[in-house]
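We have chain H; now place chain C onto it with these hints.
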Amino acid sequence: MSFHHLRYLALLVVLASLAPTACSADSGGSTAGKRITLQTRMTTEAKARSTFTTGFGWDVTLTKAIVAASGLYYFDGPPPTALLAPHKPSLRERIGSFFIGTAYAHPGHYQAGTALGQVDFGGSTALDLFASKPRELPDGEGVTGTYRSARFVLASKAPKDDTVAGHIAIAEGSAVEHDGSSRDPIHFRLLADYDDVSMNVNGGSVDGCVLDEASVEADGTITVEVRPTIWLNLVDFSKLEPGTEDAPTEAHDPGFSQGVTALSAYHFSYAD
Amino acid sequence: MMAKSCLGLVCVALLSAACSSPTDPGQGTEKFTTWGEEFVEDGIPAGDGTSGFVDGWSLKYDKFLVNFHNIQVADSSGHVVASMDKPRFVDNTKSGEKDLVTFADLDAQAYTQVSYEIKTAEADEQVVGDADPADLQMMVDQGLSVYVEGTAEKPDSKDESKTIAKTFHWGFKTQTSYHDCHSAEENGVSTEGVVVTNNQTDTSQLTTHGDHLYYDSLQSGDNAKPTLIRFDEKAAADDAGDADGDITLAELCGANIDPSIYNTSGLPGATIGDFVISLARTIGHFRHEGECTIERIDAVPKDVVNPCDEYK
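These protein sequence lines are chains H and C, in that order.
Mapped onto my numbering, the consecutive letters of the first sequence carry residue numbers 1 to 272.
Mapped onto my numbering, the consecutive letters of the second sequence carry residue numbers 1 to 312.
Be aware that one or more of the hints could be misleading.
One side of the interface only, derived from the structure: several residues of chain C facing chain H at Cβ under 10 Å [as the list claims (entries may be wrong)]:
| no. | residue |
| --- | --- |
| 1 | Thr29 |
| 2 | Thr33 |
| 3 | Asn223 |
| 4 | Ala240 |
| 5 | Gly241 |
| 6 | Ala243 |
| 7 | Gly245 |
| 8 | Thr271 |
| 9 | Thr293 |
| 10 | Val305 |
Everything labelled a hint here was simulated from the structure, so no lab data went into it.
Beta carbons are placed, not taken as given, at the ideal position from N, Cα and C, and that holds for glycine.
With the rest of the complex left out, here is chain H (with noise of 0.2 Å):
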């Protein structure tokens, strides 16, 4: 529990000592604060396994997504982010924008508020985003309440296993230009280290993911959706050399480092 909340908790124990009536269970203060054990789950957005174009206008197919993550945290506030209406997508739209109109943020004033949850991974953990079936990741613990944004965690090192060798996140595949002037396509292997997100974010923490609002009541499973698509929007593939398929051009780039940190890559949902 945060000194906010704990600060806030006090302040209202004062005006409930001094008023004529207390607040009732039928507030859902019955419930407030059970403890309750959340299972944890890793999948991959669909279209990250097709290609897509970035924001930059290049048509990225992916072969590989790998990052290391060391545990998630689930908190009340509100994300900083605010969807959309549901609108049917165009042809285009489901071709060429994988993240049109889905979150505007508001910069600088995303409070988390109190902490509702959390799962450790034990350490740095390699999670694949091409495996066959979603990942399932150690269970977590946490308290009842209105779950609402949530926090993902990079690994401050790379798993001992060798899958992304040393890094903390990797992505590969071959990109081409999407208007077609494209030269031969750019074979890459994108790398991330610890020291390039940290030129994102403070201690591999990306704060403020949107978890969908959720009043979590009893056990049940909270599923975070990784996004490479995000990861690939601001690379400027034209800086890169071609490479060849066998033999990927390395780069640690920064918009792959910052897609990498960017708090809308991971996204929360709660089911019991």
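Using the frame of chain H, we list chain C on its own:
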């Protein structure tokens, strides 16, 4: 949040006990105003990135035109008890706080759901304060919801006796809902919506923030790098365009974002223009630094992928 709701109930109970009989909480008034704060009225100075532009620019707005629609007050169940009759047209460069609408005779209680919209100008809007009706007509003709114009200046690094100046005239078509508004925290407490008290007038300012258009980041939270305001890249867009000294949205839409400087957090598009257009949706606040949930309410037009596509 549950605790906050509980606190609201306690407050209402206290007020009820202190001010009226248990069965008649009385009635009060909720007034909505708007103000652009010093950044809009007086300008944005050079500074450290939070108090002013980090790259030496300063800026003065000549117009900051906003169309407020559908200000509403509702209770926790969503029952709307007050709603604005027609949109209001405001130029927040005009001095002082301006009245938008006053809702009298509301039952004295907490109303946790307050919302408003900033949408396209309409011809029959009520012109507030000293706003120019000709500006309203211009926005109606062009289908705009927000319009800003002004001049930015910076000392010329090559000749300190000279100043570089850039003008801008940017009209935005963004249609945005601001709902579930809550005040900024004071002493650890953030009030959701408003609290109307017996025989009193409570004032909620729908504050417009003039610095948001120049933010360099949308990441938030304790672990994110601080968001700074920048102008160099906007000025450079004109230099790379027709270099006539006026920065157009088209020029901004032709300037790619440098991810080593800007962090859009995955918002659509990859140009300065895309980012500025998205940021135009974030200008609306509640009671100075208070927040609302921001939601796009206009359908995405066919063939639109990035925000700039709507301005071609």
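Hint check results:
1. Thr29: At 25 Å from the nearest chain H Cβ, C/Thr29 fails the 10 Å test, so the hint is violated.
2. Thr33: Violated, because the Cβ-Cβ distance from C/Thr33 to chain H comes to roughly 21 Å (cut-off 10 Å).
3. Asn223: For C/Asn223, the interface hint holds, since the closest Cβ of chain H sits about 4 Å away, which is under 10 Å.
4. Ala240: Hint violated; C/Ala240 Cβ to chain H Cβ min 16 Å, cut 10 Å.
5. Gly241: Nearest chain H Cβ about 19 Å off; hint violated.
6. Ala243: Check failed: Cβ of C/Ala243 comes no nearer than 24 Å to chain H, outside 10 Å.
7. Gly245: Hint on C/Gly245: violated, closest Cβ of chain H at ~28 Å, above 10 Å.
8. Thr271: holds (8 Å)
9. Thr293: holds (5 Å)
10. Val305: Holds. Min distance 4 Å.
In summary, the numbered hints that this structure violates are 1, 2, 4, 5, 6 and 7.
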